[in-house]
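Fit chain to chain and form the complex, with the hints in mind.
Top line first, the protein sequences correspond to chains A and B.
Residue numbers for the first sequence follow this note's numbering, beginning at 1 and rising by one.
Residue numbers for the second sequence follow this note's numbering, beginning at 1 and rising by one.
There's no promise every hint is true.
[As the list claims (entries may be wrong)] Lysine-lysine pairs mimicking BS3-like chemistry, simulated, CA-CA at most 25 Å apart:
| no. | chain 1 | residue 1 | chain 2 | residue 2 |
| --- | --- | --- | --- | --- |
| 1 | A | K31 | A | K46 |
| 2 | A | K31 | A | K44 |
| 3 | A | K46 | B | K96 |
| 4 | A | K114 | A | K103 |
| 5 | A | K44 | B | K123 |
Don't read these hints as lab results, they were simulated from the structure.
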Amino acid sequence: MDWLFDNNKNNAEHLITILANESTSQEIYVKEPIRLFIELMWVKFKPRIIVGVFLPYVVYLSLLYTLTGHLLNSFLINLAEMRFMSEVCAYANELHQAGEFMKRVSVAGGEADKASPSPSGSSTGAGAATAGH
Amino acid sequence: MKLSAEHDAHRTQTLVFVGIALCLISYFGFIELRQLRQSGFSYFYDTWNFIDMSSWALNFSFMSMFFLCVVLREEYFQREVILTIGSWGMFLMWFKVFYWFRLFSSYAYYVRLIMQTISDSRKFMILVVIILISFGNFIYVADATNYG
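Extracted from the complex, chain B is given alone in its bound form (with noise of 0.2 Å):
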């Protein structure tokens, strides 16, 4: 009985924050369409815009599995799943949160800075990147003969 006492506490509590949260997607949802309709296209030549839309893509997914379940009290998706899918939402929001610093002036230099050195160094991280796949080639392909 406490168990269930508690599940229904639990529901309830989740019923309202996935409602207000679903509310806030619907209004960013509407906000990037309308920027996709005034843009056209070129929508998608910024890069935040890709970003923006991947994590409201992925949150609204999240979402729309986490009220599946909690509405039918049933585990449809598996919990790893769901995890899995609203971590990364949460990073490129987070990662976006980095970007509205913009905002004031005071850390818009320090954001610029890091964008900017991200990007002039992109080049340089390619063949970094290309380092390391070789010599983790070599190591994985090199110690798979300990394993047979």
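Same shape as in the complex, but just chain A (with noise of 0.2 Å):
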């Protein structure tokens, strides 16, 4: 506004201030000097009103369309299968210790059992299939 009134900087601030006002009276904005005043404002202000502030919404708008649609949903179902591929890892490996556990007792029992075989023959568990044979 300052290209308008070199001399006191607040007199158009102040004009656009009444007529951007929802109070003001519709009258005014029928006035010949009124709409020609807003004609060349607008001239100069919608140019920079899309360039410094519409433009820069439609990328806003753009990249939380982007994550509130995509991004978010896939990020966090990636996470949660992260999570349960990882419970399941590692529940695979507790069973695989615990089968390693219970083959090294099965194995530990029949070499005991070849050890110190039973006085009348009869032997039970792995010990007695090896006994036996």
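Next comes the structure, spelled out in structure tokens:
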């Protein structure tokens, strides 16, 4: 607005504030000087509003649209899948360890049966199978 | 391994998007705060300012919650909660796009026409809502007997 009122900077600002106020009477907008003033101002303001606010808003909207519509969901689902897979891996690891342990126990049992067979010749478990043969 | 690589790619992409969005949120937050400082309490007299502020607050909450989840790789907030907040924020943003079309003279007439129509039919709408609530309540209470 400085380009319009060089000597007194507040005049245009004050007038624009009055015109932008919703409570201002509608009659003022049909006055020829006011319409002319608005048209003159609008030529200067419109490109600045488009570049300064409207285009960033469009970018902002597009980003949020992508984030809410696609990225958030896929990221959180992926995160849940990762957690599930790590839990499954941990469980499988536990099972594997338990299996190894059972294997070791049965082998140890067989060796113990072999080392000390019962006097009657009957034995139990894996040791029985090995002792029988 | 494939899942982990996919997750890392997702994370990087998401972090870039969230970073740019946070910059823009700060920019629009700055604009709103400047308006609030200039207008004072009269800022709240305009409905569009309410929409702007609500949209900003919802989007900021959504982005912060999501950002925490992305950075810490932990689902601190339920997916449903984040999505609900995000959907409301998006709704208000699309609503504002409608208002933005006033910038262009060929659309401005229609935007003003629709807004004026809604404003004029506000009292009729209130009556319609009351009628709908009364019938809805009647059916809800009468139907409740079917379910004990």
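Verification of the supplied hints:
Pair hint K31(A) plus K46(A) holds up; C-alpha atoms about 22 Å apart against a cutoff of 25 Å. Distance restraint check for K31(A) and K44(A): the Cα-Cα separation of roughly 21 Å lies within the 25 Å cut-off, and the hinted pair is therefore satisfied. Note on K46(A) and K96(B): the hinted pairing holds, with a Cα-Cα distance of about 17 Å set against a maximum of 25 Å. For the given pair, K114(A) sits about 17 Å from K103(A) by alpha-carbon distance, which is consistent with the 25 Å threshold.
Between K44(A) and K123(B) the alpha-carbon distance is near 39 Å, which puts this suggested pair outside the 25 Å criterion.
Hint compliance for this structure: hint 5 alone is broken.
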